[in-house]
Structures are given as C-alpha cells and as structure tokens.
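Chemist: Listed in order, the protein sequences are those of chains A and B.
Mapping to the working numbering: the first sequence position 93 is 78, numbers consecutive.
Mapping to the working numbering: the second sequence position 34 is 19, numbers consecutive.
Just so you know, the hints here were simulated from the structure itself, not pulled from any lab data.
Possibly wrong hints are sitting among the right ones.
Copies of the same chain look alike in the list, so a pair counts if it fits in one copy or across any two.
Unchecked claim - Taking lysine-lysine pairs in the DSS-like style, the calculated list, with each CA pair at most 25 Å apart, reads:
(1) K78 / K(-5)
(2) K85 / K178
(3) K44 / K172
(4) K78 / K178
(5) K44 / K151
Protein chains: 2
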Amino acid sequence: MSLTILDAIKQRKSVSKYQKDAVLDHSTLNELIRLAGCSPSAYNLQNWHFIAVISDEGKALLKAAAFGQPQVETAAATFIVCGQVQAHKTLQKRLSPSVKAGTIPADIANAWVAAASRSHEGNFQLQHEEAIRSGSLAAMTLMYAAQGMGLASGAMGGFDAEQIKKHFPLGDDDIPVMLITVGIPEKNNWPQKERRPVEEILTLA
Amino acid sequence: MSLTILDAIKQRKSVSKYQKDAVLDHSTLNELIRLAGCSPSAYNLQNWHFIAVISDEGKALLKAAAFGQPQVETAAATFIVCGQVQAHKTLQKRLSPSVKAGTIPADIANAWVAAASRSHEGNFQLQHEEAIRSGSLAAMTLMYAAQGMGLASGAMGGFDAEQIKKHFPLGDDDIPVMLITVGIPEKNNWPQKERRPVEEILTLA
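Just need the whole structure built from these sequences, with the hints factored in.
Modeler: Quick look at the structure:
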C-alpha cells in the first residue's frame, strides 16, 4: 500500500454499502486498533476503548441499537468507539511506560497526573467532553488506518447508547462516542460529498 | 511528498517546540483547512470553523488564553478549531451543492434536514456533543494534513474558552474544541510517547 496521507484525506468518503461476506482477521483488527491508539489525547490519557463487533449475534444487537441501519450487519466489523471518563485516575499507570522509556521526564509525568486530577476530578462535564474529544480523534485515525489498509469505512452517530451499554462489554467509565463500520465496499456507494468552500470555514487572526 | 497514510499515523507525534521565525503563507493555511474540511460529520453538517492565529497580536492574546503555553507564540500558526452548535439550521444550504452535483438525492437530503432538525432542535446536550465530535474529527485530519505537507503539529486542550470568545472572531454558535499548533519543529522535541497495548484497548464482540 502506498496511498499518501494527502491523497487519503482527499479521497476518503463515507461508505454504507459493504460486501457482506468479507471478514477481517484478528491481526487486521489488532493493527487497525494499534494505529487508532497512536492518536493524541490530553496528557496522553489514551482514554479510549474499542469494541469490534464481528459476530452475527453482536451485529444483530448492534443493528437494533443503531435504529436498523443495515451497514452494521454488512460491514465486516463495526467498532464501538468509546471514550473513558475516569482516565485521570489511571494516568500515572498509563504514563509509566513513557517515563520508563525516558520519553517523559518523571517530574513532568507527576505534574500532568496532578493537573489532570485537579481539572477532571468531580468535573463531569470536562470528563465527558474529554471522552468525546479523545474518542473522536481516535475514530478519525481508525478511518484513515482502514483506508491505508485498503478498506472502506463509515462513521455513524445515530444509536441508542443505553442499548449499547446493555448488550456490549463496555467498561464502567466507557461512553460510546461513535460507531465506525469497516469493510470491503460495494461498487454502488455514493461519491464523496461536496464540502463548504474554504473561505467560509477559515478566518485569519 | 510521499509519506504514506500508515507511516503518517505511526510516526506522528505531538510537537511543542517550533522554529519561531517560520511563517505559513496563505495558500498553505488554505490548503490545510481545505483538507481538514474533508473530514466526515453527522449528516455532512460540516459544523466547524477554524481561526488561524498568525499575527503577533493574536498570538499574544491566545498565549494568555492558553495559560501561557509558549508554543502558541512560537508555532507558525495556531488554529482555534471550533465546532458549531446550530449547524442543523443551515443543513439544507450545506447539502445543496451535493444535491446539485447529484451526490445526494434530493429526497434523502430533505429527510436528513428533517431528522437533524428533529434531533438537534432544543437538544443542547446533543448540539454541544456534535460540535465537539465534528471539531475533533477535523482537528485530527488537520494534524495529518500538516504532517503530509512536511509540517509538525500539536493538539492543546488547555485554554480559557471565555477569553478565546472575547478576543477572537468566533461566530455566535462556535465553541472552541481544541487548539492545534502547526509549524516547523525544532530538533529537541520529545519522541513519540508510549501507547497502551492493543489487548488493553480492543475487545471483540
């Protein structure tokens, strides 16, 4: 694969029609998530968790939770991208490999842990927003990773969070942020949609 | 530039030390934001707005709003990535180029406008979350776009939103989601930080 990053960004489109018999093996699922986990997060919280729904039973339950949207069943996998609201409590542990590797000085790691604890503890709004932010950053990387591996993807925001929490192994502090379908596209997907002109979305200051 | 998407994901790291005399010309700023705008969003809402802070005066104000973090001043540009909470009200207009181009059938565009209006109108929590989601997706693409153009980037979540709203030309329905510094890196930035193992962040279902 030699798709450049700039071409990937220009060419990516959201897919909803997949070849329904395609299967992603475990090493492909692992690699997709290893790459998604390379995304940035505040304090390197890495406050994300991905549930790859690949079983027939899981797909049926997720389709129902996603208001019947058929691509959940036809995609090879649909990832429930979760953000985590209590990650500040495990930050020390999550930074410790970087401290051991010499990437983050120990005193700075300790300062981050203190700062994250100070800002996040008891601030449910910030915890929730940070979970959505980190989950969304990782979801975007997951889509590019899929594209780089010759796969198509589609992000879905329409789902019943309560049903997802009920039927899937989310952790206590996981909140579902987005669903990402991944698979082999059919030929009859829509082309890339038009975008707002740059002058409408960019302001210099 | 021939950096592949997979290598970009593997190699990207957050930079905080920039060559302070580097300047990004307007065509580079435009291209970065044109690419960021290729990101996906619910209903293709494209509910984002980017403020490129490039002036000395703007940088000084933004540095103060970002609790003195020096990279806001040394980066060639810092983008205030905003999400928009009222985008459902302009969705018809935003979809119309895709309808005209034949990318989205008119009846489906109308159905999306109705659905977005139904779910978003009066639901301030959803509006706010959707703004963070879309802003974060676009922020991630912006970082990869910078990388593809030979630049470095760094995401920053620590800032005073009220000061940003006071000093910069945010629209009435813009909320600042993240700051993204972009520029030419110095040689003494930290290496990429360690990540959690895949088995800790991926669950199959």
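Chemist: If a hint holds in the structure, say so; if it does not, say that too.
Modeler: Each hint tested on the structure:
1. With identical chains, the CA atoms of K78 and K(-5) are at most 25 Å apart between copies only, with a shortest distance of 22 Å across copies and 38 Å within one.
2. Proximity of K85 to K178 under the C-alpha cut-off of 25 Å is restricted to the inter-copy arrangement: shortest distance 11 Å between copies versus 46 Å within a copy.
3. Proximity of K44 and K172 under a CA criterion of 25 Å is satisfied intra-copy only: 22 Å inside one chain copy versus 48 Å between copies.
4. In this homomeric assembly, K78 and K178 come within 25 Å of each other (Cα to Cα) only across copies, at 13 Å, whereas the closest approach inside a single copy is 42 Å.
5. Taking CA atoms no more than 25 Å apart as the test, K44 paired with K151 passes inside one copy only; the shortest distance there is 14 Å, against 47 Å between copies.
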